[in-house]
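Undergrad: Each chain is listed here by its residues.
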Amino acid sequence: QKEVEQDPGPLSVPEGAIVSLNCTYSNSAFQYFMWYRQYSRKGPELLMYTYSSGNKEDGRFTAQVDKSSKYISLFIRDSQPSDSATYLCAMSLQKLVFGQGTRLTINP
Amino acid sequence: ETGVTQSPTHLIKTRGQQVTLRCSSQSGHNTVSWYQQALGQGPQFIFQYYREEENGRGNFPPRFSGLQFPNYSSELNVNALELDDSALYLCASSSGSSGANVLTFGAGSRLTVL
Chain C
1 QKEVEQDPGP LSVPEGAIVS LNCTYSNSAF QYFMWYRQYS RKGPELLMYT YSSGNKEDGR
61 FTAQVDKSSK YISLFIRDSQ PSDSATYLCA MSLQKLVFGQ GTRLTINP
Chain L
1 ETGVTQSPTH LIKTRGQQVT LRCSSQSGHN TVSWYQQALG QGPQFIFQYY REEENGRGNF
61 PPRFSGLQFP NYSSELNVNA LELDDSALYL CASSSGSSGA NVLTFGAGSR LTVL
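These protein sequence lines are chains C and L, in that order. All letters in the first sequence, in the order written, are residues 1 to 108 by the working numbering. All letters in the second sequence, in the order written, are residues 1 to 114 by the working numbering.
It is possible that some hints are incorrect.
Stated by the list, open to error - Computed from the model, here is a short list of chain L residues facing chain C with C-beta under 10 angstroms:
id	residue
1	V102
2	G108
3	R110
Unchecked claim - Ranges between beta-carbon positions, derived for each pair:
id	chain 1	residue 1	chain 2	residue 2	range
4	C	E5	L	K13	28 to 38 angstroms
5	C	I18	L	Q18	46 to 56 angstroms
6	L	E52	C	I18	42 to 52 angstroms
7	C	Y51	L	T5	27 to 37 angstroms
8	C	D66	L	S95	24 to 34 angstroms
9	C	N22	L	R63	35 to 45 angstroms
10	C	Q94	L	S7	26 to 36 angstroms
11	L	S98	C	K67	13 to 23 angstroms
What the hints assert, rightly or not - Okay, the calculated bits of chain C under chain L, using three or more residues with CB under 8 angstroms as the criterion:
id	segment
12	39–50
13	84–93
Calculated directly from the structure, the hints in this document are not laboratory data. Backbone N, C-alpha and C define an ideal beta-carbon position, used for all residues, glycine too.
Whole structure, please, built from the sequences with the hints as guidance.
TA: And the structure:
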């Protein structure tokens with residue numbers, strides 16, 4: 001069993017839709033939770049960073065962490081074609097452990 | 001403020017050869033981590049360097065080795081290349097070695113092994 005499980009998609013939605021991306025994890029020792037966005041031929045860039053259970057909002061993005069269920073989510077509101085990318089969840093102790101990534105396409 | 005730069009961006013090698021990839025860390029960052037990202041997969045941790053010493057290693061064989069220099073730039077060396085080494089190699093820098101530190105990634109070096 002992988003430490004971090006993420007549905008690879010692909011996921012295709014119309015512009016303006018609400019997008020939900022999810023990851024589950026098995027190691028209860030993970031302390032830090034992140035979402036990275038990776039455009040084609042680019043390195044991952046940090047979108048959201050959370051430490052505790054609960055919600056964190058930044059503009060159209062909301063990150064949610066449920067440590068009791070070992071489950072994290074990223075919600076994108078009013079999705080835009082420019083949001084089309086691969087989204088990677090990542091969790092950290094001393095090193096980052098990534099999910100497989102979900103390829104998201106927002107159709108105009 | 002410059003970000004993380006990696007070179008070369010693309011390279012092709014044959015099985016058995018050796019490769020060196022280079023990384024310049026973001027200004028102010030003293031820690032460098034290397035990740036391997038196979039096609040369609042998430043990045044996998046290779047190792048981390050903090051103040052020129054290896055400070056953690058993932059599940060990679062000894063033919064993967066690295067260096068960090070006094071200016072915090074870094075090299076990743078891979079000996080005896082295998083076909084499965086074909087991947088995007090990502091360098092990331094941070095201002096500390098703790099898991100709480102945010103990593104800034106470069107665009108990667110795409111290695112193809114034939």
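Undergrad: For every hint, state whether the structure bears it out.
TA: Consistency of the hints with the structure:
The beta carbon of L:V102 comes within 6 angstroms of a beta carbon in chain C, closer than 10 angstroms, and the hint placing it at the interface holds. This hint holds: L:G108 has a C-beta 5 angstroms from the nearest C-beta of chain C, less than the 10 angstroms allowed. For the restraint placing L:R110 at the interface with chain C, the shortest Cβ-Cβ distance is roughly 8 angstroms, inside the 10 angstroms limit, so the hint holds. The given range of 28 to 38 angstroms is respected by C:E5 and L:K13, whose C-beta atoms sit roughly 33 angstroms from each other.
Hint check: C:I18 to L:Q18, Cβ distance near 49 angstroms, so the stated range 46 to 56 angstroms holds. For the pair L:E52 and C:I18, the beta carbons lie near 47 angstroms from each other, so the given range of 42 to 52 angstroms is met. Range check, C:Y51 to L:T5: Cβ separation about 30 angstroms, and the 27 to 37 angstroms hint holds. At roughly 29 angstroms, the beta carbons of C:D66 and L:S95 sit within the given window of 24 to 34 angstroms.
Range check, C:N22 to L:R63: Cβ separation about 36 angstroms, and the 35 to 45 angstroms hint holds. A hinted range of 26 to 36 angstroms for the beta carbons of C:Q94 and L:S7 is consistent with their spacing of about 27 angstroms. A C-beta distance of roughly 19 angstroms is found between L:S98 and C:K67, which places it inside the suggested range of 13 to 23 angstroms. Only when three residues or more bring their CB closer than 8 angstroms to a CB of chain L does the claim for the segment 39–50 of chain C stand; here the count is 7, and the claim holds.
Check on the segment 84–93 of chain C: 4 of its residues sit with their Cβ under 8 angstroms from a Cβ of chain L, so the three-residue criterion for coverage holds.
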